[in-house]
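Undergrad: Protein chains in written order, with the working numbering: chain S, 190 to 408; chain R, 33 to 288; chain A, 3 to 60; chain Y, 37 to 252.
Treat the hints with care, as some may be off.
Below, computed lysine to any residue pairings styled on SDA-like, alpha-carbon distance capped at 20 Å [to be verified]: (1) R/211 <-> R/157; (2) R/211 <-> R/154; (3) R/194 <-> S/389; (4) S/199 <-> Y/162; (5) Y/211 <-> Y/234; (6) Y/96 <-> S/203; (7) R/194 <-> S/379; (8) S/199 <-> S/217; (9) S/199 <-> S/243; (10) R/211 <-> S/199; (11) S/199 <-> Y/123; (12) Y/211 <-> Y/239; (13) R/194 <-> S/199; (14) R/194 <-> S/213; (15) R/211 <-> R/105; (16) R/194 <-> Y/88; (17) R/194 <-> R/209; (18) S/199 <-> Y/131; (19) S/199 <-> Y/234; (20) R/194 <-> S/376; (21) R/194 <-> R/180; (22) R/211 <-> S/389.
Honestly, the hints are just simulated from the structure, not real lab data.
Here is how the chains run, residue by residue.
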Amino acid sequence: MIALFFRDLKLSIRAGGGAMIGVLFFMTVVAVIPFGVGPDLNLLSRIGPAILWIGALLASLLGLDRLFQAERDDGSLDLMLMQETPLLLTVFVKCAAHWAATGLPLVFASPLLGLFMNMSELAIGATMMTLLIGTPAITFIGAVGAAVAVSLPRGGLLVSILILPLAIPVLIFGVSAVYAAIEDPAPFLPPLMILTAITLFFAVIGPVAAAAALRHASD
Amino acid sequence: MSENSLAIRKFSDLANPTRFLALADRLLPWLSGLTALSFVVGLWLSFATEGDYQQGETVRIMYVHVPAAWLSMMCYSVMALAALGTLVWRHPLADVSARAAAPIGACFTFLALVTGSLWGKPMWGTWWVWDARLTSVFVLFLMYLGLMALNRAIDDPARSSKVSAILVLVGFVNIPIIKFSVEWWNTLHQPASVMRLDGPTIDPEFLWPLIVMAIAFTLLFFTLHIAAMRNEILRRRVTALRRLAARAAGREARAQ
Amino acid sequence: MMSHAAYVFTSYGIATLTVLGLIAWVILDGRARRRELVELEASGVRRRSAGQASGETP
Amino acid sequence: MRLMAEGLSAKRGEDLIFNDISFVLDASDALVVTGPNGSGKSTLLRVLAGLLHPESGYLKLENCPPEIGRPSEVSHYLGHRNAMKRELTVAENLSFWQRFMGDSPGGTGVAPAEAVAAVGLPDIAHLPFGYLSAGQQRRMAMAKLIVAYRPIWILDEPTAALDAGADRLFADLVKAHLGRGGIVIAATHQPLGLDRTKDLQMTGFEHLAGDHWHDA
């Protein structure tokens with residue numbers, strides 16, 4: 190299992206890997222927003238966390254369809270299905286590797302982009318924390334979409350359409366946690382706790398559904 | 033029907049598409065007649081009662097909006113049941129019913145959204161208001177579209193049935209979460225100044241039209257669902273025959 | 003601003019339109035499938051049991 | 037170790053590909069599956085590898101260690117695709133598969149370097165897999181068979197992109213595996229050069245099984 194984790198990590202860093210694309214897309218999206226919204230700083234600082242979160246959501250959705258597609262194309266998915274180790278665990282490790290390769294860089298890039306959005310240190314800290322907790326949930330739900338769309342020729346686009354409605358709670362609680370941190374009256378902890386609960390919930394549902402979908406999609 | 037055919041026989045004889053078609057042909061005229069009747073009564077009732085003292089005429093929109101919203105939720109539960117049918121009991125018709133129900137569910141959800149916003153305009157002054165219920169119905173609408181896109185993307189029904197069933201179940205599990213998060217989100221951003229959507233407390237005078245309209249909508253749903261399932265079976269029959277023709281042509285080509 | 007009755011009328015109008023659209027879609031879809039079936043039958047593709055003698059077992 | 041298949045049949049989409057296939061394979065037995073294209077060879081092998089649910093019939097392993105659940109857990113599957121990552125080097129690929137698959141009870145895999153030497157390409161283990169020619173890639177895929185020990189080998193046209201020299205090399209590998217009491221099931225057109233093999237002739241298209249859609 191650890192071998193799979195490090196192999197996937199090595200793969201995504203190597204030439205063809207998706208790690209860099211996710212972060213670059215995240216940066217371009219966030220960098221473009223001020224041109225649309227206009228340069229006045231207090232507006233930007235108010236919508237900053239929301240923009241960061243939406244950028245992170247779209248960026249992680251971007252790299253998801255390659256999650257199983259590459260394995261299926263070169264035949265290693267068949268071998269993974271056959272192994273004694275439960276498919277659930279293999280999918281979980283693959284999601285963890287994918288998150289480490291694409292989700293984590295987003296978290297590290299968010300402070301830099303937070304400055305773009307003229308966000309206060311508190312807001313940047315809160316955004317980083319919520320992104321750290323929230324992005325795994327997106328990867329786990331995305332795994333279900335990727336597994337469902339693995340046998341489709343143009344599955345990539347379908348993944349984001351299928352997954353977006355399911356990722357809305359993560360976005361809602363992520364951003365509301367950050368706003369709770371900034372404006373004093375609202376407490377910071379409850380939304381954060383609910384966000385963690387959602388991530389843990391999807392950490393179970395995601396691999397289970399993805400494994401079932403993979404087993405049925407292998408023709 | 034050859035007995036040792038490989039399709040798995042499940043609890044009712046409905047598992048056999050041909051018997052289902054026969055049943056549908058017998059049932060549909062009755063069902064559509066009943067639907068038409070209940071619609072006439074419903075419409076008459078909803079227009080016979082005078083308007084609400086506060087909302088005036090617009091309360092009549094409720095007679096369409098609320099049943100449509102119920103229907104959109106009921107349709108998704110029917111699809112979730114069908115998803116269980118495909119995965120757990122491997123019922124051959126379950127996927128047909130899920131695939132037939134998706135467009136109908138999407139139309140009812142669309143109807144609920146449109147009538148909701150039409151109701152919102154006179155009362156809250158805006159076409160669209162991010163009220164918790166409207167928003168979660170909108171998310172449900174997105175899920176319907178996603179499922180329809182998936183069903184359309186996978187052309188081979190045998191393989192796609194299980195995969196879309198899994199997605200329906202994952203979506204079904206998520207509905208409470210989405211509902212909860214939208215409620216939370218709504219109260220967070222908007223102090224509860226928004227008037228409750230379900231309007232005045234329902235006194236019996238409004239209850240009757242509402243119930244009759246709800247029954248009418250439900251009957252309409254089942255009529256359309258059975259008819260759509262019949263079409264889906266015919267569509268599969270056509271694809272099966274086309275494959276047979278291609279296969280037969282292939283064999284003759286090999287035979288010459 | 004549109005009068006209240008106009009809203010009621012529009013919402014019922016849209017409702018009937020959608021319902022009629024649904025009914026039309028179902029009927030037309032059914033007819034199209036039956037036409038395809040008839041064409042297939044005409045082009046000599048026998049349904050397996052309807053065509054051959056019933057003796058043939060799969 | 038005995039592999040028993042009883043009344044296997046499988047469907048691809050709506051078509052029934054093959055029906056009622058049974059065989060018994062004891063230790064060091066080889067089964068060669070032959071038949072025209074599209075006759076269901078690959079489908080049968082995918083059913084044996086547990087990648088495809090058979091429509092009816094079952095596959096059973098006898099007198100094997102109890103913790104083995106499905107026959108696929110103790111079998112190697114070499115399909116048309118090589119299951120190797122192009123960006124990683126050969127050594128990385130092989131060592132990954134060795135650590136990921138692990139050895140079935142009753143045997144141990146060889147070190148990647150040794151496996152690469154066994155297929156006759158000892159000095160290019162450091163090259164990325166994408167640089168190799170089709171024949172070399174196929175040989176490396178075969179090296180994967182001996183990196184992790186699996187008593188049952190399921191091979192789908194293993195000698196497809198191979199030249200004569202590689203054929204002989206592969207036949208020795210298979211003979212060595214059979215010598216150690218392994219079971220080999222191969223779908224191939226050219227003869228594998230093995231002496232004692234059981235044969236299974238695939239007839240091909242049975243009939244359109246999706247009958248419940250268009251049947252009376």
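Undergrad: Each of the hints needs a verdict: does it hold here or not?
TA: These are the hints, each one checked on the structure:
1. R/211 <-> R/157: violated, 25 Å
2. R/211 <-> R/154: The hint is violated at about 26 Å.
3. R/194 <-> S/389: violated, 25 Å
4. S/199 <-> Y/162: holds, 16 Å
5. Y/211 <-> Y/234: holds, 14 Å
6. Y/96 <-> S/203: violated, 42 Å
7. R/194 <-> S/379: violated, 37 Å
8. S/199 <-> S/217: violated, 25 Å
9. S/199 <-> S/243: The hint is violated at about 28 Å.
10. R/211 <-> S/199: Violated, because 40 Å separates the two Cα atoms, which is more than 20 Å.
11. S/199 <-> Y/123: OK: residue 199 of chain S and residue 123 of chain Y at ~9 Å, within 20 Å.
12. Y/211 <-> Y/239: violated, 28 Å
13. R/194 <-> S/199: At roughly 33 Å apart (the allowed maximum being 20 Å), residue 199 of chain S and residue 194 of chain R break the hint.
14. R/194 <-> S/213: violated, 36 Å
15. R/211 <-> R/105: holds, 12 Å
16. R/194 <-> Y/88: Roughly 14 Å separates the two Cα atoms, so the pair holds.
17. R/194 <-> R/209: Violated, because 24 Å separates the two Cα atoms, which is more than 20 Å.
18. S/199 <-> Y/131: holds, 14 Å
19. S/199 <-> Y/234: Violated. Residue 199 of chain S to residue 234 of chain Y sits at ~44 Å, over the 20 Å cutoff.
20. R/194 <-> S/376: The given pair, whose Cα atoms are some 43 Å apart, is violated under the 20 Å limit.
21. R/194 <-> R/180: holds, 15 Å
22. R/211 <-> S/389: Holds, because 18 Å separates the two Cα atoms, which is no more than 20 Å.
Consistency with the previously given hints fails for numbers 1, 2, 3, 6, 7, 8, 9, 10, 12, 13, 14, 17, 19, 20, ordered from lowest to highest.
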